[in-house]
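Asks: Work the whole structure out from these sequences, hints included.
Numbering (the numbering used here), first residue to last: 353 to 828.
Please keep in mind that the hints were generated in silico from the structure rather than gathered at the bench. Owing to the predicted nature of the structure, the values given are computational and were not obtained by experimental measurement. There are no misleading hints in this set.
Below, simulated DSS-like cross-link-like pairs (lysine-lysine); rule was C-alpha separation at most 27 angstroms, straight line:
1. Lys702 x Lys668
2. Lys702 x Lys761
3. Lys792 x Lys772
4. Lys792 x Lys629
5. Lys526 x Lys510
6. Lys520 x Lys510
7. Lys761 x Lys668
8. Lys520 x Lys668
9. Lys758 x Lys668
10. Lys520 x Lys501
11. Lys702 x Lys526
12. Lys383 x Lys510
Estimated spans, in silico, between C-beta atoms of each pair:
13. Phe779 x Glu801: 19 to 29 angstroms
14. Asp744 x Glu405: 51 to 61 angstroms
15. His766 x Met419: 22 to 32 angstroms
16. Asp763 x Glu405: 43 to 53 angstroms
17. Glu801 x Tyr754: 21 to 31 angstroms
18. Asp731 x Gly425: 26 to 36 angstroms
19. Ile518 x Asp787: 48 to 58 angstroms
20. Glu395 x Asp713: 39 to 49 angstroms
21. Met752 x Glu431: 20 to 30 angstroms
22. Pro552 x Thr525: 17 to 27 angstroms
23. Asp558 x Met755: 32 to 42 angstroms
24. Glu521 x Met755: 24 to 34 angstroms
25. His766 x Ser531: 27 to 37 angstroms
No residue lacks a Cβ here, since even glycine has one placed at the ideal position from N, Cα and C.
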Amino acid sequence: MSSDQDHLKETDTEKRFEFKKEEKSAFEAEKGLTEETIRVISEDKNEPEWMLERRLRALEQFHEMPMPTGWPGAPDLSEVDVDEIVPYIRPDIETRGGVDDWNDLPEEIQDTFDKLGIPEAEKNALSGVGAQYESEIVYQNMQERWEDKGVIFCDMDKAVQEHEDILKEYFMTKAVPPSDNKFAALHGAIWSGGSFVYVPEDTTVDMPVQAYFRMNSDGMGQFEHTLIIAEENSEVHYIEGCSAPKYSEFNLHSGGVEVFVKENAHVQYSTVQNWSKNTYNLNTKRAICEADGTMEWVSGSMGSKATMLYPSTVLKGPGATDNHITIAFAGEGQDIDTGAKVYHNAPETKSTIESKSISKDGGRTNYRGLVHIADGAEDSSTSVECDALMFDNESTSDTMPYMEIKESKVDVAHEATVGKIGDEDVFYLQSRGLDDDDAKQMIVAGFIEPITEELPIEYAVELNRLIELEMEGSLG
Numbered sequence: 353m354s355s356d357q358d359h360l361k362e363t364d365t366e367k368r369f370e371f372k373k374e375e376k377s378a379f380e381a382e383k384g385l386t387e388e389t390i391r392v393i394s395e396d397k398n399e400p401e402w403m404l405e406r407r408l409r410a411l412e413q414f415h416e417m418p419m420p421t422g423w424p425g426a427p428d429l430s431e432v433d434v435d436e437i438v439p440y441i442r443p444d445i446e447t448r449g450g451v452d453d454w455n456d457l458p459e460e461i462q463d464t465f466d467k468l469g470i471p472e473a474e475k476n477a478l479s480g481v482g483a484q485y486e487s488e489i490v491y492q493n494m495q496e497r498w499e500d501k502g503v504i505f506c507d508m509d510k511a512v513q514e515h516e517d518i519l520k521e522y523f524m525t526k527a528v529p530p531s532d533n534k535f536a537a538l539h540g541a542i543w544s545g546g547s548f549v550y551v552p553e554d555t556t557v558d559m560p561v562q563a564y565f566r567m568n569s570d571g572m573g574q575f576e577h578t579l580i581i582a583e584e585n586s587e588v589h590y591i592e593g594c595s596a597p598k599y600s601e602f603n604l605h606s607g608g609v610e611v612f613v614k615e616n617a618h619v620q621y622s623t624v625q626n627w628s629k630n631t632y633n634l635n636t637k638r639a640i641c642e643a644d645g646t647m648e649w650v651s652g653s654m655g656s657k658a659t660m661l662y663p664s665t666v667l668k669g670p671g672a673t674d675n676h677i678t679i680a681f682a683g684e685g686q687d688i689d690t691g692a693k694v695y696h697n698a699p700e701t702k703s704t705i706e707s708k709s710i711s712k713d714g715g716r717t718n719y720r721g722l723v724h725i726a727d728g729a730e731d732s733s734t735s736v737e738c739d740a741l742m743f744d745n746e747s748t749s750d751t752m753p754y755m756e757i758k759e760s761k762v763d764v765a766h767e768a769t770v771g772k773i774g775d776e777d778v779f780y781l782q783s784r785g786l787d788d789d790d791a792k793q794m795i796v797a798g799f800i801e802p803i804t805e806e807l808p809i810e811y812a813v814e815l816n817r818l819i820e821l822e823m824e825g826s827l828g
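Replies: Listed below in structure tokens is the structure:
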């Protein structure tokens, strides 16, 4: 094992995620979601009139749309009360839009991200990094060699000001309109912070770009927006990390992600989310993939009280490809409802969905998916594989695949397995010198290996360590 891997293995992950800093903010909105709140936030950000108008339209849609309570087996969202959420907190830093020198951040914010390993990751393995604290980006930096090639990596508030024409065209107009669902409308009304990534034609960004989102305050909502545009023949890997400490009140995370994969471009979007057990994690993420483009989603979800997360891709060009790899972990009192949606709207498109879930101590995991193959999407293919692992008789795991096949000349495959950790497997490993806990952790590590091998080494190590802590009951 390399020295970097040794360092990562020895990191005290529990302390890194569970610490909490004293709140210091420059501006904090009132609780609730009203037109006045929207106007105050937009004014504080000095936004153009067109963005304010979009926020207000989204607010109207939010009030008109019902909660997603009619879905079979959906997590209980009865405690989600937007009127009890603080929707916007601006951190106490002098430079709006963040700083580009780590040493210019206030000491308490530096300390937060130092503990999470962000500066070290930037130094060792990243093309650029952004860090969001509460509702706004506090640090953003891109390596000069990528800026010289026309790559843009900045926070979304800056993008609204400096790349207005692009934002007007793409922001919540094509991929995730506010009308998509109630939480997309909520996001459109109250979004703040997030990342804008633009990769020009014929440009390969050969090191990952990372953003990290941290909620520190009780009773707040975080609504970052990520917009990625990869032009023809370009390539980029975007990594996102999210975390929050323990809270006495419920918190809400409702992010939005829009990805545009142009002809023959390749985008990988990887995320590891470790929220507190008082957080509701309700996101809307979608990619639009043109001819011969490739979109890859790699995600790990754990920690929250309830998660509803179904990244989706529209394959709109012939030869477009989509790959989803997900892992979900649910412990006591947790309902992690994840999956994927793929729309095959062109011939010779291909999709694969691989879902892994683990439940223990009465936790529930669920795969909820949709594959739609449109009439005329000839010679398309899809493969869905869902595997669930349970630790005990109190835990549950469900699989809810839904397939709409409108074309006959296609290949469709679905496979699902559900099982418990076998006593004979544990006994075998114990006979080789492992104790009960180590044996079970080894079995789980092997179970999720197809996902961890798709992540950069530091994220793979971190994901394994987080799952070990969840198995020990140490987090949240």
